[in-house]
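Number of protein chains: 2
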Amino acid sequence: MNEIYETIEEKIADLLEKRQYTALRGILQEMNPADIAQVLSGFEEEQIPLLFRLLPKELAAESFVEMEPEEQELLIQSFSDRELKQIVDELFVDDAADLVEEMPANVVKRILRQATPAMRTSINQILQYPENSAGSIMTTEYVSLRTDMTVEESIQRIRKQGVDKETIYTCYVTKSRTLVGLVTVKDLLLCADDETKIGDIMEENVISVETQTDQEEVARMMSKYNFIALPVVDKENRMVGIVTFDDAMDVMEDETTEDIEIMGGMLPSEKTYLRSSAFELFKNRIPWLLLLMLSATFTGMIISAFEGALAAQAALIAFIPMLMGTGGNSGSQSSVTVIRALSLDEMHLDDLPIVIWKEIRTAVLCGLALAAACFLKIWLVDKLLLGNEDITLLVDAVVCLALFATVVVAKLVGAVLPLGAKALGLDPAVMASPFITSIVDALSLLLYFLFARMLLGV
Amino acid sequence: MNEIYETIEEKIADLLEKRQYTALRGILQEMNPADIAQVLSGFEEEQIPLLFRLLPKELAAESFVEMEPEEQELLIQSFSDRELKQIVDELFVDDAADLVEEMPANVVKRILRQATPAMRTSINQILQYPENSAGSIMTTEYVSLRTDMTVEESIQRIRKQGVDKETIYTCYVTKSRTLVGLVTVKDLLLCADDETKIGDIMEENVISVETQTDQEEVARMMSKYNFIALPVVDKENRMVGIVTFDDAMDVMEDETTEDIEIMGGMLPSEKTYLRSSAFELFKNRIPWLLLLMLSATFTGMIISAFEGALAAQAALIAFIPMLMGTGGNSGSQSSVTVIRALSLDEMHLDDLPIVIWKEIRTAVLCGLALAAACFLKIWLVDKLLLGNEDITLLVDAVVCLALFATVVVAKLVGAVLPLGAKALGLDPAVMASPFITSIVDALSLLLYFLFARMLLGV
Numbered sequence: 001m002n003e004i005y006e007t008i009e010e011k012i013a014d015l016l017e018k019r020q021y022t023a024l025r026g027i028l029q030e031m032n033p034a035d036i037a038q039v040l041s042g043f044e045e046e047q048i049p050l051l052f053r054l055l056p057k058e059l060a061a062e063s064f065v066e067m068e069p070e071e072q073e074l075l076i077q078s079f080s081d082r083e084l085k086q087i088v089d090e091l092f093v094d095d096a097a098d099l100v101e102e103m104p105a106n107v108v109k110r111i112l113r114q115a116t117p118a119m120r121t122s123i124n125q126i127l128q129y130p131e132n133s134a135g136s137i138m139t140t141e142y143v144s145l146r147t148d149m150t151v152e153e154s155i156q157r158i159r160k161q162g163v164d165k166e167t168i169y170t171c172y173v174t175k176s177r178t179l180v181g182l183v184t185v186k187d188l189l190l191c192a193d194d195e196t197k198i199g200d201i202m203e204e205n206v207i208s209v210e211t212q213t214d215q216e217e218v219a220r221m222m223s224k225y226n227f228i229a230l231p232v233v234d235k236e237n238r239m240v241g242i243v244t245f246d247d248a249m250d251v252m253e254d255e256t257t258e259d260i261e262i263m264g265g266m267l268p269s270e271k272t273y274l275r276s277s278a279f280e281l282f283k284n285r286i287p288w289l290l291l292l293m294l295s296a297t298f299t300g301m302i303i304s305a306f307e308g309a310l311a312a313q314a315a316l317i318a319f320i321p322m323l324m325g326t327g328g329n330s331g332s333q334s335s336v337t338v339i340r341a342l343s344l345d346e347m348h349l350d351d352l353p354i355v356i357w358k359e360i361r362t363a364v365l366c367g368l369a370l371a372a373a374c375f376l377k378i379w380l381v382d383k384l385l386l387g388n389e390d391i392t393l394l395v396d397a398v399v400c401l402a403l404f405a406t407v408v409v410a411k412l413v414g415a416v417l418p419l420g421a422k423a424l425g426l427d428p429a430v431m432a433s434p435f436i437t438s439i440v441d442a443l444s445l446l447l448y449f450l451f452a453r454m455l456l457g458v
Numbered sequence: 459m460n461e462i463y464e465t466i467e468e469k470i471a472d473l474l475e476k477r478q479y480t481a482l483r484g485i486l487q488e489m490n491p492a493d494i495a496q497v498l499s500g501f502e503e504e505q506i507p508l509l510f511r512l513l514p515k516e517l518a519a520e521s522f523v524e525m526e527p528e529e530q531e532l533l534i535q536s537f538s539d540r541e542l543k544q545i546v547d548e549l550f551v552d553d554a555a556d557l558v559e560e561m562p563a564n565v566v567k568r569i570l571r572q573a574t575p576a577m578r579t580s581i582n583q584i585l586q587y588p589e590n591s592a593g594s595i596m597t598t599e600y601v602s603l604r605t606d607m608t609v610e611e612s613i614q615r616i617r618k619q620g621v622d623k624e625t626i627y628t629c630y631v632t633k634s635r636t637l638v639g640l641v642t643v644k645d646l647l648l649c650a651d652d653e654t655k656i657g658d659i660m661e662e663n664v665i666s667v668e669t670q671t672d673q674e675e676v677a678r679m680m681s682k683y684n685f686i687a688l689p690v691v692d693k694e695n696r697m698v699g700i701v702t703f704d705d706a707m708d709v710m711e712d713e714t715t716e717d718i719e720i721m722g723g724m725l726p727s728e729k730t731y732l733r734s735s736a737f738e739l740f741k742n743r744i745p746w747l748l749l750l751m752l753s754a755t756f757t758g759m760i761i762s763a764f765e766g767a768l769a770a771q772a773a774l775i776a777f778i779p780m781l782m783g784t785g786g787n788s789g790s791q792s793s794v795t796v797i798r799a800l801s802l803d804e805m806h807l808d809d810l811p812i813v814i815w816k817e818i819r820t821a822v823l824c825g826l827a828l829a830a831a832c833f834l835k836i837w838l839v840d841k842l843l844l845g846n847e848d849i850t851l852l853v854d855a856v857v858c859l860a861l862f863a864t865v866v867v868a869k870l871v872g873a874v875l876p877l878g879a880k881a882l883g884l885d886p887a888v889m890a891s892p893f894i895t896s897i898v899d900a901l902s903l904l905l906y907f908l909f910a911r912m913l914l915g916v
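Top line first, the protein sequences correspond to chains U and A. Note that my numbering has the first sequence beginning at 1, numbered continuously upward. Note that my numbering has the second sequence beginning at 459, numbered continuously upward.
The set of hints was computed from the structure by calculation and includes no laboratory data. Keep in mind that this is a model prediction, so the values were computed, not measured. Heads up, a few of these hints could be off.
Unchecked claim - Per label pair, the in silico range of CB-to-CB distance:
| id | chain 1 | residue 1 | chain 2 | residue 2 | range |
| --- | --- | --- | --- | --- | --- |
| 1 | A | 504 | U | 456 | 55 to 61 Å |
| 2 | U | 197 | A | 725 | 52 to 58 Å |
| 3 | U | 152 | A | 658 | 37 to 43 Å |
| 4 | U | 152 | A | 469 | 36 to 42 Å |
| 5 | A | 588 | U | 56 | 36 to 42 Å |
The beta-carbon is built from N, C-alpha and C at its ideal position, and this holds for glycine as well.
With the rest of the complex left out, here is chain U (with noise of 0.2 Å):
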């Protein structure tokens, strides 16, 4: 994909500097809005304003909404109070919304007086919902119908309101605004005679969403239905708006990029990686590595406890990365799976003592494997190989053993925390890879000085 973008850049970069605008118009008018903001973003900030001017009123609003919000801003800058008029009557109000929300005061004032009274009070609506919410990703333009509507009403109905509402293909039944039933435009067309009733044809058991639902809630119903749209209801099932399947695709998106990020030890970003400062990206890492690197104070205090044995058998000490490191990529591996089962909602908090037991079954497996592994390769490589005289049998059925023990209690550890998180109403993904190994490194050392004393007396 990336080389045609370069090709079409250049070309439009030729032609710019050649001001060719009838051909540049040309050929801008034939891209789809999402590529025209790409390829916008890769000029110059006195350029952007002057290939947009170039784009025909309806591509202009579509490429404008799919722009970073710093070119959305740059532009806006740039525009006449007419131009602005003209991008913001051709937005969804959900668009609209978004823009508000991403826009410095100033801007958004501008904002404001060129929209519609009407489209003013659906921003603000759209607003008032809490971030993530169902209602803050809506949309309130849709089709709504009657049930004494006709199908041949119906389909006149949309095609005199279709043109401003973000989908068609859904159609939503209203009795005095409460939410009675759904028909699709295919059903609509598929019906034999024009004079149906919409109350005979229409869908009576919508599946719907309150304002308040969560956003994640929301995409995964989506994709559970395969719906195009669904609505949005308030308390009282008053219908108030619908989320279209792209919004839901764009919430899934980054609603896994925030998962990803906090199972990295990071703070989720609001911004790209590519546009995010230096200082920025410093702010979202620090604090969990500092908190992490702080807790490492009990594994310090650990080995500092067992000094004297460790300066006894001095051959332990080689040994303590390896069974740190094998417990905390079992523990991962347990905690990344539970996740993500409980983030697409394939687990539950009742599954608890079946997890426990397969992950038993799972790390005795896993742990006898390695273990094994461990023996043959200390005795082969550290002893024979490599000449290590302080290995003995003893030794060697020291460090395995504490293996075993370690990748039993991290695959525990690893599968039940995010469960535990999930039940105290904290964010499984906090409990991912760089939290269990923090507790797993302190664990394994203790279970091996344990098996140190007990059969080396150390």
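Dock chain A against the given chain U, drawing on the hints supplied.
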């Protein structure tokens, strides 16, 4: 949501026991297919076919598609040939192809025997494309129009053919099978004049994928362009099928799960966690655990090589876990961020210099903050509070210098390796925490002993 399922499930179980089949049918036919599949999976093996037979024909097929392979097989085994034919006739070909792929050979034979010759051809066509390609997830059922048709003729055609098509909302315009344009039902309905020719209103610059395109790329394009369906063409630009947004959403979820599993140091799994046996989990987890454990031989060798130094300055041992842990966490933060940016197509190989420069600055900030905090913590907690006599200013300095250097090296390694993997055509997700940690463990020990030798002369 779960509480609702439990009550519905209980209600169904109750009615089933009392053999009140009419009431049962009443409840079931009001439900969404995805919910029916979920509820049915909670019943006993002999009850599932009984409940399934209560469903009206179309709903039965829709619910069947939503079920897990185990239950689909169970149902097919219980079907008569006539029942099987009813279901197969209602399936979309992409769902039929999925089914054929999942079922054992004897079941596949039965399914294909019941399929119409046209469907058999389509299934075979889809199955011949490589796994995870656009061809393998597409459906061959779409509405095709010709340029010389009028809007009215097109709507008539949709009304006639639409019932068997997976989506009617985007129609593809072909000329001797070559894809030349598309129109949406919205375009058709909103077109004022019924006699307008399709050739005059169609969108000519159709974005399409080839049959061989990776499904991840298909999902990414879908999410970028917000299409309901994406056309799939062969190398000669002949239209062969479409991928719909709901299949793209499933691909997005599956591919992310695979990424997360690989990042957690596991082989990607075919089944969900709760459906995998302990032995299957073991098989997915043990390869990386073994490999990483054996690679820890290097850290062991480094420690053994510096045994003398550690004996002379026993205080140094206690900080090894903290140093390795902080290094691992710093590195995995960077690798996780880069891996996600690569998989969202937000970052490309030619961004390498930008990434390196950003990581260096971020790493210096993180390293300075951590080293300063560590210096104070060692002096105040380990030295003064815990009274560790072995700690001198020089020991403290060695630890903090090694920490700073480790953080910088770890962040660079963490950011560069995923990009390197991408350049080599490998999956960047392999370069996540477990892998990075193993490398950083060894590097951090080397840096530690280097500074110890320089400053303490051990």
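Hint check:
1. A/504 - U/456: 55 to 61 Å: holds (58 Å)
2. U/197 - A/725: 52 to 58 Å: Since the Cβ atoms of residue 197 of chain U and residue 725 of chain A sit about 56 Å apart, the hinted range of 52 to 58 Å holds.
3. U/152 - A/658: 37 to 43 Å: violated (26 Å)
4. U/152 - A/469: 36 to 42 Å: holds (40 Å)
5. A/588 - U/56: 36 to 42 Å: holds (40 Å)
Checked against the numbered hints listed earlier, the structure breaks hint 3 alone; every other hint is satisfied.
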